[in-house]
Each structure stands twice: as C-alpha cells, then as structure tokens.
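**Student:** Residues per chain, in single letters:
Number of protein chains: 4
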Amino acid sequence: MKEHETKIKVRYVETDRMGIVHHSNYFAWFEVGRTEFIKEQGMRYKDMENAGVLLPLIECGCEFKAGAKYEDELVIKTSINSLSPVKVEFKYEVLREHDRNFLANGFTRHAFVNKEFKPINLQKKYPEVWSIMNK
Amino acid sequence: MKEHETKIKVRYVETDRMGIVHHSNYFAWFEVGRTEFIKEQGMRYKDMENAGVLLPLIECGCEFKAGAKYEDELVIKTSINSLSPVKVEFKYEVLREHDRNFLANGFTRHAFVNKEFKPINLQKKYPEVWSIMNK
Amino acid sequence: MKEHETKIKVRYVETDRMGIVHHSNYFAWFEVGRTEFIKEQGMRYKDMENAGVLLPLIECGCEFKAGAKYEDELVIKTSINSLSPVKVEFKYEVLREHDRNFLANGFTRHAFVNKEFKPINLQKKYPEVWSIMNK
Amino acid sequence: MKEHETKIKVRYVETDRMGIVHHSNYFAWFEVGRTEFIKEQGMRYKDMENAGVLLPLIECGCEFKAGAKYEDELVIKTSINSLSPVKVEFKYEVLREHDRNFLANGFTRHAFVNKEFKPINLQKKYPEVWSIMNK
Chain A
29 MKEHETKIKV RYVETDRMGI VHHSNYFAWF EVGRTEFIKE QGMRYKDMEN AGVLLPLIEC
89 GCEFKAGAKY EDELVIKTSI NSLSPVKVEF KYEVLREHDR NFLANGFTRH AFVNKEFKPI
149 NLQKKYPEVW SIMNK
Chain B
29 MKEHETKIKV RYVETDRMGI VHHSNYFAWF EVGRTEFIKE QGMRYKDMEN AGVLLPLIEC
89 GCEFKAGAKY EDELVIKTSI NSLSPVKVEF KYEVLREHDR NFLANGFTRH AFVNKEFKPI
149 NLQKKYPEVW SIMNK
Chain C
29 MKEHETKIKV RYVETDRMGI VHHSNYFAWF EVGRTEFIKE QGMRYKDMEN AGVLLPLIEC
89 GCEFKAGAKY EDELVIKTSI NSLSPVKVEF KYEVLREHDR NFLANGFTRH AFVNKEFKPI
149 NLQKKYPEVW SIMNK
Chain D
29 MKEHETKIKV RYVETDRMGI VHHSNYFAWF EVGRTEFIKE QGMRYKDMEN AGVLLPLIEC
89 GCEFKAGAKY EDELVIKTSI NSLSPVKVEF KYEVLREHDR NFLANGFTRH AFVNKEFKPI
149 NLQKKYPEVW SIMNK
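Protein chains in written order, with our numbering: chain A, 29 to 163; chain B, 29 to 163; chain C, 29 to 163; chain D, 29 to 163.
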C-alpha cells in the first residue's frame, strides 16, 4: 500500500493553555498529509476541486497517545484505507521525528460530491481521477 | 441523563473554500459545549484545571450529515456518555437551530491526569469534583 | 456614531501555551463584531456576499493592553471609522465584561470588490447597500 | 540587517469561503517566521520561554496586497525592525514563491516579560539572550 510521509513543525498558535497541541489541529495536519499524498499521485487537490470533485468529510476520528509540543518536528504518514467509486477513507499516523515516538493515529472518510454537494460516482464521472486514486 | 444545550453562531473564519465550515471546528464547538455542561454542574473547567485536574483527549470522533454555513445558528447538545474514576466520554449533537436539522454528532474521550500528565483516580484524588461529574 | 456591542466567551482552543488568548483570534472576534454590526443595520453579511459584494481586508492592526483568558466573557465594540464608495474601515474595542477592563483595540480596512476581486464603487453599483452602510 | 526566509505551503484549513486565506493566518505565519529567525540566531523560542522570557504581543499589523490561495507556496521574510532592552519589533514580508509576487507585509511588537507577565529588562536580566537578539 502506498504511504506518504509529510513533515510538520508544531506552530505556537497550535498549542493551548495545557501546553500541548490542541487536538483540533491534528485534523488540519491530516489534511496536509492528504494534500501531499494526492500530489504524489500526480494530481493537485485544488485541480480536482476545480474540475468539480469535492471531498467533504462524512466521518473522522483520532486517537491520541502523547501530546505534541511547540517546535516538535513531526512526521504524518498518510495512506488510503479503503476506496470505492463513491467514497474514500484515508488513515494517518503521527510520529515525533527525532525519536519516532508514536503520538496519534486517525482517519478521515470522504464522499465524492459535485459542486452542488450531490454524490457522484467517481469511477464513471471522472475515470482519470479514479485511476489516479487507484494507483 | 443530563444534557446541556449551547448556542453557537458560525463565524466567517470557520468556513473554508468549500463554502462550509471546516470539520476541525466541530471539535472546538464540542469544547464549548463541554465547558458549558461542566459549568452547569456548578464548576468551572478552568477552576478544575487550576485545582490540578487536566482532561486531555485520548480519542475523538465526529460524523457529518450536512455542512454548517456562515451565520448559521447552531445548537450543541452535550452529555456524558460514560464516566469512570480514570476517564470520561462526552457525546455531542449539532443541530441547525431554525429547522432543527441534524448536522453532526461526535464524542470526545478524556483521561483524568495531573499537571505532569500522570493519570489520576478522580474519585480518590478529587472526590468533590467526582461527585459533581456524577450528578 | 453607531456602535455595536457583541459578547464573546473565550474558548479553550483560542488559548496558547502562554496561558492567554493567541493574538490571531482577536481578528476572528473583530469579524464576529463586524457581522453583528452589519446585521444590526438590517443586512446580513452573507447576503451582501451572495449579491456580489466582497470585503477582503487591505489592512488590519491591533494593540494589546492585557491578555484575555479562557472562559473570560468579553465585549467587542464595533463601529465604522471611515467610509467611502470604495472602502470602509471598522474599529473595535475589546473589554472584559465583569470589570470593563480594556484589553485591546484594533481596526480592519476593507476594499469593496466583486467576485472576481475587481474593485467596485459601492455607491454606484449597490446604492441600497451603500445607504445601509451610511445609516 | 539579518533576514530569514521561511517557506510555508497554504493549508486548506487556512482558506475561507471567499476562496482565499483568512487574514488571521498571516499572524500565525509571522510566528513561524519569528520562530525560525530566532532559531537561526542559535536559540530556540521555547528554550527562551522555559528560561522565563515571554514575548507577548503589544501590537501587530498587516497590509494585504493580494490573497494567498490553497496550495500556494509562500516565502515569509522575517527581520528585526527595532530592538530595545524592553521590547522588540519584527517585520515580515510574504511573497508567492514561484513568481515572487508580493502578497503582504506586517509587523509584530513584543514586550519582554517574565512568567508573571511583569516587564523585564532583557539586557540586564538575560544578557546572553540579549546578545543573541543583537547579533
């Protein structure tokens, strides 16, 4: 299975008064991983959107093992968990780079929809995007 | 079971280029719901933190049924799903206020830890907080 | 001069590891104040956008006197500093509600543009919006 | 004058319904530039904080010339505008990398304070930090 590694450095704004990264930011990082993953398949997420394919989330989740801290250098590992003509699930792992300590793992499940948010069959409607996702 | 309703108005900054609210914000709203829920039990979240009880997330998840939009007035319903001396799980429902349309539901699971992020037994360590949570 | 007061309660996610609100959130609050201010004139910001008038920022600034903290209840005072057919400047004051302690003041300057981000003359193009802004 | 260049790739979460980056994110990017700038002087921002020197903002501002878009690769140029024993002002420029198009410029002014947010004289209190800032 294809897996993409993206590097992230924790930003100050991402921390909260507990001194660790606020959990909501992991979903923004997953998104960065997803963007890079898709780019590596030879397609830009924004081109996909401009072509009329949107990927709104239908579900997401994350388990946290240890808190990330300001200035931590992290690795986001992104891969596709499952893919059908109407939806896709990505999975993610977050590690601290210097000691490969495992911090979190999560997933995002997306529907394929058009600009009116109507479900589309990606395989039929955009066979070229479908084949890239299937690579 | 106790349930608390909090009102939220969608902010411009919470939207993304898809024209709907970015999913990461739901977790910030859940947090607002959680804060209000706890306050209603007669305790402020920050006082709990100042007393030495932190509630970092160990897991969270959300299912999205429809996208929230800028200026939408929403209701966040918060309740406790399960509670033990070492962790608590909150559940949330997000509705659009004017038509009670169901937008999303989610959960957050938290450990009770001290300021050094060591697990604590809330019932033994802070019986008064424990009894408030159990109300 | 018209002035609108909006209430805000500081969210956990808005704090950072310094224990106070991260400065970037003041601009999100100013936006809430602006939205409410415009609504009070009898117009919704999103209707303005849907009608084809966008208000991207051309400049903004903020002075901070004291840090806002988690669960603080704040008042955002919003008013129009200056208005011309091609731009508008809003000003804002942030106070802590319970002691009226002054926390920050800022401004945002906006151009009137169409959906292609071309400058428009609001007075000529949308006289009804112009007259509402001038109220 | 020393100047540091940091690269940023625009995240999806940073865009808003106007289709461009929400202005509040520029201040988060400035912070990334500042962190990198300080690191290049041989000091980590978090070590400075751990040593007891906090740099809360007392003022900030930004002028926007053109909107940044999702997946844009940007350059943040950071330098020190002025420095005294009690405060420091950083300035920033944001350019789109591929065409060096100028998008925005801004500044942040910070006080040197201790963990109780009391002003400190950096030169007297932390001569080693002061000398690094003066490099």
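Wrong hints could be hidden among the right ones.
[To be verified] A partial selection of chain B residues facing chain A, derived with a Cβ cut-off under 10 Å:
{"no.": "1", "residue": "TYR54"}
{"no.": "2", "residue": "LEU83"}
{"no.": "3", "residue": "PHE92"}
Hints in this document: simulated from the structure, not taken from any laboratory.
Positions of the beta carbon are idealized from the N, C-alpha and C atoms, including for glycine.
**Student:** Now tell me, hint by hint, if it's right for this structure.
**Tutor:** Tested hints:
1. TYR54: Check passed: Cβ of B/TYR54 comes within 8 Å of chain A, closer than 10 Å.
2. LEU83: Holds - the Cβ of B/LEU83 comes within 10 Å of chain A, reaching about 9 Å at its closest.
3. PHE92: At about 5 Å, which falls below the 10 Å cut-off, the nearest Cβ of chain A leaves the hint on B/PHE92 intact, so it holds.
When the structure is compared with the earlier hints, no violation turns up for any of them.
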